[in-house]
Structure formats: C-alpha cells, structure tokens
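Asker: Sequences listed follow chains A and B, in order. The working numbering puts the first residue of the first sequence at 4, with every later residue one more than the last. The working numbering puts the first residue of the second sequence at 84, with every later residue one more than the last.
In short, the hints are calculated from the structure, not lab data. Just so we're clear, the structure is a prediction, and the values are computed from it rather than from any experiment. By construction, the Cβ of each residue, glycine as well, lies at the ideal position given by its N, Cα and C atoms. Take these hints with a grain of salt, some might be off.
Okay, the calculated beta carbon distance ranges per label pair [stated by the list, open to error]:
1) 243/B / 67/A: 27 to 33 angstroms
2) 101/A / 483/B: 34 to 40 angstroms
3) 188/B / 101/A: 35 to 41 angstroms
Covered stretches of chain B (chain A as the covering partner; in silico rule of three or more C-beta atoms under 8 angstroms from a C-beta of chain A) [unchecked claim]:
4) 182 to 188
5) 326 to 335
6) 475 to 485
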Amino acid sequence: MAVNADAQMVADAPTAKPRRARRGTLAPWLFLAPALIFFTVYVIAPIFQSIWVSFYEWDGLGEATWVGLRNYEDLFLYDDRFYTALTNNIIWLVLYMLAVPAGLAIALFLNQTVTGIRLYKSLFFFPFVISQVVVGLIFSWFYNPEFGIVGKVWTFFGADPPLILGDERFVTYGIILAGLWPQVAYCMILYLTGLNNVAADQIEAGRLDGAKGWRMLWHIIIPQLKPATFIAVVVTVIGALRSFDLIAIMTQGGPYGSSNVLAYYMFETALSEYGYRYGYGSAIATVLFGIMMVYISFFLWRMWRDERR
Amino acid sequence: MRLIKSLVGGVAIAALATAATLGAHTTANAQQRQLVINYDDLNPAPKSSFEAVVEKFKAENPDIEVITNIQDREAYKTSIRNFLTADAPDVAAWYAGNRMAPFVEAGLFADVSDVWADNGFDETLKSTKPSMTIDGKQYGVPYTYYQWGIYYRSDVFANVGLEVPENFDQLLAACETLRANDIVPFTIGTQFLWPAGGVFDYLNLRTNGYDVHNDLTAGRIPYSDPRILEVFANWKKMLDAGCFIENHATMSWQDALAPFINGDAAMYVMGNFAVAPMRDGGLTDDQIDYFPFPTINPDVARAEEAPTDTFHIPSNAKNPEDARKFLAFIARADIQTEWNKALGQLPVNADAEVADDKFLQKGFETLNGAAGIAQFYDRDAPAEMAKAGMEGFQEFMIKPDRLDGIIRRLDRIQARANR
C-alpha cells in the first residue's frame, strides 16, 4: 500500500514546469558525475598515458627518453615473439567462440524440470565459480605426463603420453581447453536465464505449425535468445583477449614464448622480473587496445543500431 | 604581515610547549636512532639466521633501534622498485652484478666505497669486489654466496660402476652408461628458464673461460661469435648423448628434484641451495655428493658460478651513518662465519670459517681455486637479454636444429639491449 502511494507521489510531483526543466538537465549529470569522473581518471586518462609512454624508453626508475616510433618499429619489424603472441591471440579468439554453442547445448539440456535439476545446474556452473588460478593448476596436473590423467590414459593404452604444456604444437590448445571449461559454464548460465524468457505461446504456435527438433530450435528458440547470444559473444571475445591468468599459472608463456599472448607478453616486458621496459610494454598494450577497439566499436555500433530501431 | 607574524609566533610557542612536555622523550630519541632494514627471504633458515644477526647487531649497538621488514623473495623483487623511490629503508638486501646496475644508474643505491676502504674490505672481500663495483666505486657489501656445480647420486654412480668425470668426454660417456642402465643422466627443470642458464654458463666458462662470459653478458661479443657457437656445439654433444631429462620444459627446479630423489636421475647442475631439499627428500650425505663441472678445454682457467647476495644503502636512506655501521658489521669475519653456518652457504670474507659440511667445504675449495667468479647468466646479462637468452637456451634444448634462428634472434636482442 505504502509503496503504491509513494509511486503515486513520484508520478504527481513534477507539476511545476520550470522546476521540471531544471531537474531534467542538471539531475542526470549530478548522478552521472561520480561515475564519469572516476571513469575519466581511472580508465580514459590511463589509456592516453599508456599510449604516450609507448613513445619513450623507460625502465620505471631513471629518466624516460623519447624514442618516437622506435618501440613500434622493433615490435612490428623485428620481434617474432610478438607475432607468436598475436597468432596465439587469434587462435584464442576463434577457439574460445566454441564456448557459445557449447554453453547453449548444455543450457538446452539442463532446461527441463526433473527432480534435483537445480543441483545439476549448480554443478555445471561450478567451474565458473572457482578461480582461474585453480583451473590453471588443476589442468596443469591433469596434463602432467607423469601423474596426470592424460599420462595415465596414454600409458594404459601403451603409448607415450604427449607433453602438452611442454610442446609448442599443443601448448596453446591445452591452455584454451582449460579456459573453455569455465567459459562454457558462463555461457550456459547466460543461456539458461535467456531460456526462461522464451515465450511459451510462440513455441506452442510453432508446434501447431509442425516445427520440431532442429527447426524449432533454429527458427523459434534461437531468434528469441538473441540478447543472450549477444552478451555471450561479447564476454567470450573479451575473455579470449584478456586471457592472462591461465597462461601465467600454466606456462608463463613457455616453452620459449610459444604460448604467449599479447596480454601476458605486455606484462612480461613491462612488469616482470626480466622486464621493466615500460615503453615497449605500452606499445604492446596499445596494439592490444587497437584490436579490442575493433570489437568494441563493432558491438557499440550494433547496440546503437538496435536501439534506434 | 601581522597575521603571518602572529601565526609564526603561535607555532613557535606550540613547538616550545611540545618540546617542554616531551623533553625527556626527545633526549631519549636522540640516542635511540632508528635503522630500517629490508630483507628478502622468508624461508625458515635464512629468516632466522638474519634475525640472529640483527640481534647481535643490536647487542653491540644498544643505542640503535633496528626495524626489520622481511618479505618473500619474488614479492621483494617487485616492491624494491617502489620502496627505493617512495619510502626508502636505511639498508636493503639485493644481488651483485648487473642486477644492481639499474638502481645504481638511477642513483638509488649510494656509493659505499668508503665502507670498503675504512674496513679493509678490498682485501677481505676481494673475491667479489669486481661484481660490487660499477665505474670504480662499490655500491654494496656481500654477506653470502654459494657455489654451483654438479650434484650427483654417488650411490647410483657406484651401482653402475661410474667414476666422477674429470673431463667432457668422460661426462658424455657417463651419460651413455647411465642411459644404458635406464637412468636419466641429468635432471633439470626449465619451466622458469634459469636452470638452463646455469648449464650454458658452465659450458661457456669451461669452453672459453671467464673473460668470454663477461664479454658476452656485457654485450661486447655477439652470440654468433665462433667461440659461443662452440659452446652450443658442446651442448649439442650433450643433447645427442641423451644427457638431459625429456620433459624439462614443464618442470620447475623443485619438480626436477623428484627424479633425482627417486634415483631415476643421477646428476643435477645446480646451486648449493638444492642440497637442503635433497636432504629433506630423504637422501643422506652418503647418497649425494658434489663435483665441479668437468674440464672441456684444458687450456682454459677454471672459473665458477657463485651468485652473491648483498646489502646496499639506498640514496634516500634517513640514517646512512648507522647503515654504514651495519654494512661494516655484516662483512666482519666472525659474523659471516656464524651467519653462513646457519644459512648453509659460504662466507665471502676470506678470514671467515666455513661450516663443517662436506658440500660447503668442497664448494669453498672449488671457489678458492677459481680464476674468476661469475654471478649467473641472469645476473650478469641485462634483464631483457637474460630473458631472451634463457628462452633461447630452452628452445635449443628442445629443438637443437633451430640453432641458426636462435642465434640470429639473440644477436638482434643483444644489439637492442645494449644500445
């Protein structure tokens, strides 16, 4: 009752015209101000600072020397570690996308009313809850050729177990698989909530028209899941680009840099024990930022287009 | 103007009043000088031995109040960059060689040549003087070092009838004998890269000697130099003889201890700090032993690796006088004797005594006979080069046929790191 009365008062309140106009211009900015200020100071400004640092050579202690575009020159012309990292980033982006259909599949499978389904759902969601560090550790043991399950299975069949994390051919895929485990769970949760909002009447109508199985899924369910798909793709792209913790835990970019990605390579050159080349690290960060900008602008453009409709 | 005057007057009166009330306290403070020391090892033995030394220092200098901050080694490596600029202690632990160069060049470590001159360290700490010196001045005082070399399972050697190899051919033959007996000759874990640097350093020191090691790490000769290519050729011989364990790229140095302790592997190129975990793993001194890396070129004078840990005075120290006292104190023969006994390492001071431990005794003997003391690849080479170099060594151990590409890359990075 009281809530209703309050709502009524709020609706009635802005009767005087000049007051309403002032409120309309000032109030939103006041409310936005803290967020805007913090966003500018902690997000926007550092981006430009970091781009600025990338034109210097600086160890973080002494004087910074202006080197112009030399860091970029070194990066693009001479640094094959950079290209390894870039290639790995692309492999990450492509393979990480598997999390979206896999998440959808599990969500469809779990979207039923059976006793104890809540328990199953939470069990499937579990990998997303545990820390990436733990995921990385578990998978490193899992891949261990001596005592890991991979080693045991291969030895059982009389084969020599592959050295997944020590072989440049497999190492990136091994880490991506570890990353997919929680990422699939994340996409699954997004789809599960999406499935709650699928209109029952449309399914009913589709059924009357004789739609079943794949046709039902493709023409009725998936179009309605579009918002969930959108978010799932966005978080997966971002997850793939900022893949860092798994690499730090499982290989430190090794063996000899072959599992590096841009985010970790940036950390390594700018902040690790053998690094402290802030200019070079910032140049890598700028490249990574450029790649992210492509995606972010694309998604912003799409959101803007959809909202205008 | 009057306002300012009255303000100043007010402050003066307030200050006087405080001084009067705290009079007793301030005179006490004048005698209780504070000395802040940052130390970088939380492991039980180093921590307790450091604390014991500090207690002794306090007992000898009751008027100095000593405050210690002890941090984990890896965290310390990051935080030292902050605290040296922001809130400097009076004494800070660090490492010799090129590792201290960035701080010296940035003017963050103070010149302590006077401590060396006043206490006669030029004589007693002679062996490490070159690695504490930049541009003719000393920037710190060493308190401990430890030898590197080959730690081996003497019982496994006896089982397969092997003698300690004296030269490189015997070492290669030993690898083949061990392989024939299904024992891995050398265990090593290169996940964190630096153990591979130890192998490279020794091959280089034995093939070319101390000067070439220094020239290479200082960037005076390139990796494509025929002398360095010879080092890789010797390394290739070891790889061809199956000297090293297969999956070393996924193991840390501790992981690589497991096959050694199990008896599946017979040798380990390591520093003396590996002895403690070997003993903890259940090996007795009858089962493990030490020999210096065997001779490759008999014409080359034998140099050794012995990373040195040191103390420095930050330029921003608030109490540099007492800090100098502390540096002089820790370099004293009696202090270094006891400290290193507890630490299980070697004292740097030539007058100090070495603990009664066979590894330390042998290490001491080896280092005393050395023509030169190298710090370690990643302490002598600039950071950027060290990382790329050790990655190259790891790659070479796995894909020896890529040598040409590796050498080209190392030359390029070396040129950039030293420009």
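Asker: Now tell me, hint by hint, if it's right for this structure.
Answerer: Structure-based check of each hint:
Distance hint check: the CB atoms of residue 243/B and residue 67/A are about 58 angstroms apart, inconsistent with the given range 27 to 33 angstroms. Checked against the hint of 34 to 40 angstroms, the C-beta distance between residue 101/A and residue 483/B comes to roughly 36 angstroms, which is consistent with it. Separated by about 49 angstroms at the C-beta atoms, residue 188/B and residue 101/A break the suggested range of 35 to 41 angstroms. For the region 182 to 188 of chain B, the stated coverage by chain A holds: 3 residues have a C-beta nearer than 8 angstroms to a C-beta of that chain, and at least 3 were required.
Counting residues of the region 326 to 335 of chain B whose beta-carbon sits less than 8 angstroms from any beta-carbon of chain A gives 5, enough to reach three: the coverage restraint holds. Only residues whose C-beta sits within less than 8 angstroms of a C-beta in chain A count toward coverage, and the region 475 to 485 of chain B has 4 of them, enough to reach three; the restraint holds.
The structure shown violates the earlier hints numbered 1, 3.
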